[in-house]
Every structure is written in structure tokens, then in C-alpha cells.
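These protein sequence lines are chains L and X, in that order. Position one of the first sequence corresponds to residue 10 (the working numbering), numbered consecutively onward. Position one of the second sequence corresponds to residue 37 (the working numbering), numbered consecutively onward.
Hints are computed from structural coordinates only; laboratory data are not their basis. Some hints here could point you the wrong way.
[Stated by the list, open to error] Partner residues are not named here, just some residues of chain L that face chain X (Cβ under 8 Å, in silico):
(1) Met-164
(2) Leu-169
(3) Arg-179
(4) Gln-301
(5) Ala-319
(6) Asn-322
(7) Lys-328
(8) Gly-334
(9) Val-338
(10) Leu-365
(11) Arg-367
(12) Ala-651
[To be verified] Coverage of chain L stretches by chain X, computed from C-beta distances (three or more under 8 Å per stretch; other residues unrestricted):
(13) 24–34
(14) 368–374
Glycine residues also receive a C-beta, built at the ideal position from the N, C-alpha and C atoms.
If you want the building blocks of each chain, they are given just below.
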Amino acid sequence: MKGPAKEKRVELLFEVGCEEIPAGMLAKAEEELRTNISKLLSAENLSDGVEVETFSAPRRLTAWVRGLLAKQPDVEAEVTGPPKSVAYDAVGAPTRAALSFAEKQGAHVNDLYLMQTAKGEYLAARQIKLGRTAEQILQAILPRAVHDLTWPRSMTWTGLEGARFIRPIRWVVAVLNGKSLKLSVAGIAAGNTTRGHRFLGSSSIRVKNFSDYEKRLHSNGVIVRPSRREDKIAKELEAHAKRSGLHIHEDAELRKLVTYLNEFPSVIQGNFDPAFLSLPDEILVTVMRGHQKYFAVEKKNGELAPHFLAVINVDKDFKGLIRAGHERVLRARFADAQFFWEADQKCRLADYLPKLERVTYESRLGSYRDKVERVRSIARWLTEQWFNLGMLQAHVAEADRAAELAKCDLATEMVREFTELQGIVGGLYARAQGEPDEVADAVYDHYRPVGLDDPIPRNVTGCAVALADKLDSVVGCFAVGVVPTGSSDPYALRRAALGIVKIVLDRKLALSLSLAIGAAAKALLTQKPKRGVTPAQEAQILEFILDRAKFVFREREGYGYDEVSAVFRAGADDLVDAQKRLASLKAIRKSKNFEPLAVSFKRIRKILEKAGIAIGDGRRVNPELFENAAERELYSAVRDAASKVQALKRAGKYQEALEAIAGLRKSVDQFFDGVMVMAENEAVRNNRLTLLAELLREFTTVADFSELGGEERR
Amino acid sequence: MKGLTFQDLILKLSQFWVNQGCVLQQPYDIEVGAGTMHPETFLRVLGPEPYRVGYVQPSRRPADGRYGENPNRLYKHSQFQVILKPAPVDIQDLYLKSLGAIGINLKEHDIRFEEDNWESPTLGAWGIGWQILLDGLEITQFTYFQQSGGIDLDPISVELTYGLERICAFLQGVESVYDLRWSADKTYGDIRLREEQQLSEYSFNRSDASAIRAEFELHEKEAKELVDGFKGTAGKERERYPLLAAYDHCLKCSHLFNLMDARGVISTTERAALMGRVRTVACRTAAAYLEQIGGATPRREVRA
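Modelling step: build the complete structure from the supplied sequences, incorporating the hints.
See the structure below:
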């Protein structure tokens, strides 16, 4: 045997050339291609020391694989044959069975040997499985790595028997250490010829390896690395803004989008008539961003400037024709928006209410006109509650008015054209028509928050309308059986429930979720469509909202899985209260008595479950049945602590309450050291179980410690 | 004067696609909302037979009427429609060449293919493709048809729909469609303004909604009866069975639906229901048509 020679490593360039792939899908496809290739290599034992990088541009997905072994290592394997007794006859000569085993293994019978196994001695053969070359393996796995990419909606470009992909595949490059691989993807044979930019480059470029490919593509108008395109855009945006002393109206999502929309992005500046600045900024920015994908620019004071920055897919606009074209399109779009702004306001916002009758929310839940009435009554209920609790910013009349106006903009031309401006347009019209700021802001904000990073409505009135709207959506949809499943959530109920949680927590609103659900259920029953909600459905809705709350506490606030379970097990109908208990639990958790006590609580729950004792079944402890000092001691410790804990809890001093509970540790430990719970005498035994049940009942109302320290955490 | 006249634009596009082997067809003589509804698209894409066709199709969209007062929105606009069956591999390049043929220098502009999948819920037709943007202006819809009349297509046809007014306004550098030079001495406004004013007035204010509804029912009924009658025909009777007439009634339904919509007499729920009714008849007609021409039997039911 030779010593281990330095293994030969090879490099792969792989590119799938397509007609323009939707910009929003490239980043994910790039990542998937990388994991697909890595996984497939690893399944072939070829992933050691390999670096897989992937890139994409509208017309291509590219993989660069370095440090690949030129050949799989050979593997030595031992193959077991017949047992010794069958393989050799009485005189030790190989039998027919041994000969046929040797033939099957391609070995001479003399090369076979006996191997000791648990079942006795067996005939065996040594086999060397020769590793396949990287070339052979890549030819098999690359088409698969492309085929396994997942797309929201694929197509065929030849016919039913043809390949499926996101857009037609037109060329494939696969070069391993300078040599083209023999493979085909979607019926296209791979080669070493790529294509440049449609207008800036050649449509036939030979490449040798990745660095050659990247260089040649660049001189043919394609920047293949998204990060470099993003940098180029950022630099040019900055340069334009600086030149005019302006700021970019920041939009991270738009930056990503234009990065994947262009193979050779360049930024140009265009202007528009300052007269359009009389339209609200929100509308101007939406028009620029939504349809045209332009960046808006603003002055130092935050006001919009009459310019825009467009990212184009060519290196320059040498005649200014591109700029002129974009300006012309924007002018027409702004003129449309201005027309809508004026036409919509020929009547007042409230005059759109009757038109909402023709806008269906959900067929069984009626129109938006019906929804408005339900939202109004829930918003009134919420603000009345808060007002009665002494919250000074809770205004019933304002909340009612804002709820009445909230959906009116759905019937306006502006929102029909720019649906993403729903709410915002209503708020702008309300303000322009002299509604109080509080009402206008509430209308403007009431779809918020649309995600975890989106702010909640600015004022309490807005929070009331937003909560009412979301409660009505969740309760109504659950009542008619529209329950989110898997990826299907057409009414965005998960987002609505998350919104409810976020508003309550961020604004620290006192609210019983079950009562709020009850109020929404009542609105659904008393207003159109007059549908009932069963108690089981109400429970299901509460569970649904609490699930979102658990998610927020875990993922956003960093609480442990077991901490959230412990607190929720003690009740979470009031989320702000649950949040306080969580904070206290987390704070006290590290103190020395705590974890051991939690272990004891877990033990108690197990004992009770095994004995079939329900906690809080009304049985009382009888001190006369105590036989042992430790149980007397625990009983009195429990009674002392109980009154203390209850008072602390009422005062909202959860941490002190938890500390008082933690103080029980010594008595609990002594009890378990000195007392046999399952005593022979039934009365004594039951009395002991009752004592434990009482302990659990009294001291799990802040958080149920028996949930702590689960496997999830460790 | 800058750019092609409206009629020269049509002539140039026609010539270009005729040179690519297209039959030059004429607009359909029943009101349609889009060039796709012309039987030369809707029915021709079915079955295996190769076909190439181009035609202008005036398309009526009553709800888009603006009494001739909006510079860009029209009750009736003109599309140049091209169908290539099967879709050639160099179709994107061919399309770009057609832009060269109408005087657009590709090197001086920013032309891009942006995702835009097309769907016609009343026809049970959909496809995957892009809108073509020329310096930010949508000038063409480019679609690989996947289904028509609810039937999976095989082979795949490509559909190109040029928005003629927009392209022409771009070429001539005018802001309002009514200022377009249609010919050497007539503007688009000279020829079409009165029609825009009157048809907007009709469809928004004066159409008789209940009469239109009744007409819808009549056309739907006749279309259904015709399709129903196809079953059980044979031989020569089957060959000359008037499925094309059934489809005409379908098109009538579609236009009448658009008129009701513009008049504001249908709610969102009813809207979906009416569209579903038109789709059902359109899909059944397509399935029967495919049987009649002896193509493959329909593989899939109507997509909801």
C-alpha cells in the first residue's frame, strides 16, 4: 500500500440559464440550490472540505463548488457468506455453496476466510468498493439539485410531457476543472458557453472556470454576485442623494427587490413637477415605489423632494431617453392619483358607508357594511371597559366614530387603485375633511400592526378600533369554520391574532381575552349576520390567540419554553399580567431554592396523577390525621405562605410572591424525606394526598413550577 | 414629426409577424374585453395543430371608460395580438426584434421582463409570463399559455399582447392618447373621441341594467343549449355542429357582464358567481370543441 497521496481537489462551475426569473424568488432559489448541492454531495461522501457558493441574477442561477475530491474514496467492505458448517464439508473442502459465494463476489475461493460472528463462524469475502469520480457523481446530482428546487408556481414551456420550472431554461453551463460535463437539465445539454446581458453583452461566451466566468460576465454586462449588485446600487443612490443634498427615503425591501431585478443595475435621477407635492407623501411614495420601484428622496427636514431615483438595467442613459421615459410614466401615474384624490373627496368619507354593502367581507359574514357595525360595538365595549378602569384616554364616542369611518376608503377609487394604502387613505381623507386628529389617526392606523416589527396604532382610540376589527375577523371566521390550516390562511387570521397580542402588550392594556372574545361573539349574534359562536369555538379562539402570545413571549421576549408553559398554565387571559408573572419568574428562577422546589412540584403532580386526585376537588386537610412532625410542619408552612402569597399576588408583587413560595423548599424536602405519602391506612394516605393537592393549588397560580425544567430547555 | 402614426404602427407590426409566418387575421366582430377572447386565440391554442396568427383587436372595457377626459384610460383600446404555437425557443429575441421593427432602438432604452402572470377567470385561461417595461412603461403582456377553457395545453402557445395606444404615445412622445397622429392628417381624437364620450355615457349612466341582465340570461341559455346538443352527434352533423356559435354567445355574456359591472349593479359575491357562470360555459365549449377537432380529450376539469 502506498502512503496517502495528497488527494486531488477539483472545482465546479454550474449555471442554469433561464428567461427572467421573478425577482422576489431568486434569493430563496439561490439558497435552496446551495443546500441541495451540499446535501447531495454529502450523501455521496463528497462533502468533506467542500465549499459551495451560489449566486443569482434574473437570467441565471449559478453554483461554484470548490475543494471537491476528484474521486470518492474507495471503501473496503466485508461480505458475509454461508456459515462454516455449510461452506466446508467433513474433510474441510469448500462445498458448492462456498464456490458459488466466491463466484458471486468475483473472488477466488482461496481468498475467502472465516469470520467470527455472534452466531458462529461464517465464510466472508473482502470487497473493495471503488469510489466513483466527482465527474460521474456530478453528472447525476446536478440535474437533481435543479429539479428539486421549489417554486410557488411552476410552468411548462413545451407541453405536458416537458420539463417544469419557474421560467423556461435556455442554456446550462457545467464545467469541472476546465472540462464540460456531460449532463442535461430540462432537456438542455450542458456546455461551457454562457450568455451575457441581453443588450450589453454577447449571447455566446466561453468560460473556463468560475473566476473566468465572473470576469467575462462582468465585461458582458452581468454582475453575477447579488451582494456586488446591491453595493453598486447603494453607492450610486448615495452619490445621487449627496449631489443634491438629499436623503434616500429608506426602503430595505426595495433595495433587495431591485438587486434581483437587474443584471447590471445603474441608478438615474428623474424629476417631477413640484405641484404634485401637494398630494400626501404616503400617496406619492406608494406610487413611486409600488408600480415603478423608484426610491423617493427627501430634504433634510423630511419633506419629499420633487425627484426620484430609478434603478435601470443598463450601464448608462447616454441620451437621457430613459430618464425622460420614466418621468413621463410617473407624471401619468401622479395625474391619476391626483384625479382620485379630488374625485374621491367630492363626497365625504362617511358617504361611502352605504357603498360598503356591495363589498363582501366573507360570504357568510356579510358585507363590510355589516362588519363596520360589529367593529363599532366591539370598539365601544373596549373603550367603556377601559374608561371604567380609569383610563383617561379611552373615548367611547371617538372610537365609535373612527370605527364607523375605518372601512369607508375601501369603496374609494384611490384604494381600488392602490390597495396597499387602505386605512391610510381613509385617515388622510378624514383629516382633510376636518375629523378630529384622534379619529383621523385611528382610521389611518387601524390595520396596524401588520407584522411584528410594525408599530401599533398611535392612540388608544386607534388601538380600540384595531383590536375590534381583528377580534371580529378572528371570531367571525372561526364561527363559520374558516380556521387557518398549514399555509392556508386567506383572511390573515394569524396576523390578526398576533396584532391583538402586540397591541395589548405594547400598550399594556388591561383586557380579559375571554371577555373580549365574548364581546365579539355577542356582536356577531346581535348584529348581522346574527350568527352564534359555541363555547367550544370561543375556547378554540382563545387558544389560537394564546398560541400567538406564547410565540411572542418566546421568540420576541426571549423567555424559555418551560417558563412560558409554567405561566400560561396558571392562566394568561390577561396578557399584561402574564407578562409580569413571566418577568418575575425569570428573575427569581436562578435563586438557590427554586429549581429543587420545581423538581418537588413535578414530583407532587406525578404522585397526584397516579393516585387519581384532581386538584381543587374540595377535599380538606384534616390536621388530626397527621402522624408525623414533617407533615405538620409542611401544613403550617403552607398555611402561612398561602396567606402571604395571596396578599402579594393581589398587590401584583409577583416576585415577592414567588420568593415566599420558594421559601417552602425546606419543609417540602423534609416532608419527602420523612413521610411516606402512600401510607397503608387509607384515611392517612388520603389526607397526605390532600395536603399535596392543596399545596399545588395554592402555589401554582402565579406560575406552575411543575412545568419548569422540561427537556425543551435542557 | 416623431414616431410612427397609429396606422403605420399597426402596419409595421403586421408586416413583422407576417414575415414570421403568421396568418394576418382580422379583429373579431363581437365585443370582447381582450384579444385573448378572439376564437383565433381561445380556441386555436387547443389541440396539437401548430398555428401562428396576428391581429388587431379593439377591446372594450366599459368600467375603464372616462368620457374621453382621461389621457390614458379608454373604454375601448386596441391590442395587437400574436399567437405562436408551439412557442419557439427564441421567442424573447423575436419579440425584441419586433420592437426594433417599430423604431425602438434597444440600445438606448431600459427594457425589462417583469413577472406578471395572466389569468382570465371568465375564460378558465391562465399563463405564466411577464409584462414588458420600456423605460418603466408597460407595453406588452408576454404569456406562456398553460390552460385555456380549463384545459391543459399541449403544446404550449406563447401570446404577445401589445398595447397599441401606449406604444404609439411613447413613440410619438405625446401625453394624451387623443393627440396621437392616427394618419398623416387625422388624430386619434378625431377618429375616436366621440365614441369614448358616448359609450362611457351609455355604460355608466344610461344602459338599462335589467334589460342587460335579461340578455345575459338569454345568451347563457342559448350557449348552454348549443353545447348540450353537441353530445350524441356523429359524422357530418358532428363536424358542422355550431360550437363556434355557442362560443359567440359566451362572448356576449362576457361583454354584458362587463356592462353590468360598469353600471355598478353587481355585488362582489354576485360578481364572482356571474363570472363563474360564464367560465362554466366557456370551459364546456372548449372541451366540446377539442372533441370536435379530434384532439386529445380534456385532461383536467375546470380550474376554480
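Checked hints:
1. Met-164: This hint holds: Met-164/L lies near chain X, its Cβ roughly 4 Å from the closest one there, short of 8 Å.
2. Leu-169: Holds. Min distance 4 Å.
3. Arg-179: holds, 7 Å
4. Gln-301: Nearest chain X Cβ about 5 Å off; hint holds.
5. Ala-319: Where the cut-off is 8 Å and the nearest Cβ of chain X is about 7 Å from Ala-319/L, the hint holds.
6. Asn-322: holds, 5 Å
7. Lys-328: holds, 6 Å
8. Gly-334: With Cβ-Cβ at 3 Å, under 8 Å, it holds.
9. Val-338: At 4 Å from the nearest chain X Cβ, Val-338/L passes the 8 Å test, so the hint holds.
10. Leu-365: Given a least distance of 11 Å, the restraint on Leu-365/L is violated.
11. Arg-367: With a closest approach of 4 Å, the Arg-367/L hint holds.
12. Ala-651: violated, 59 Å
13. 24–34: holds (count 5)
14. 368–374: Result for this restraint: holds, n = 3.
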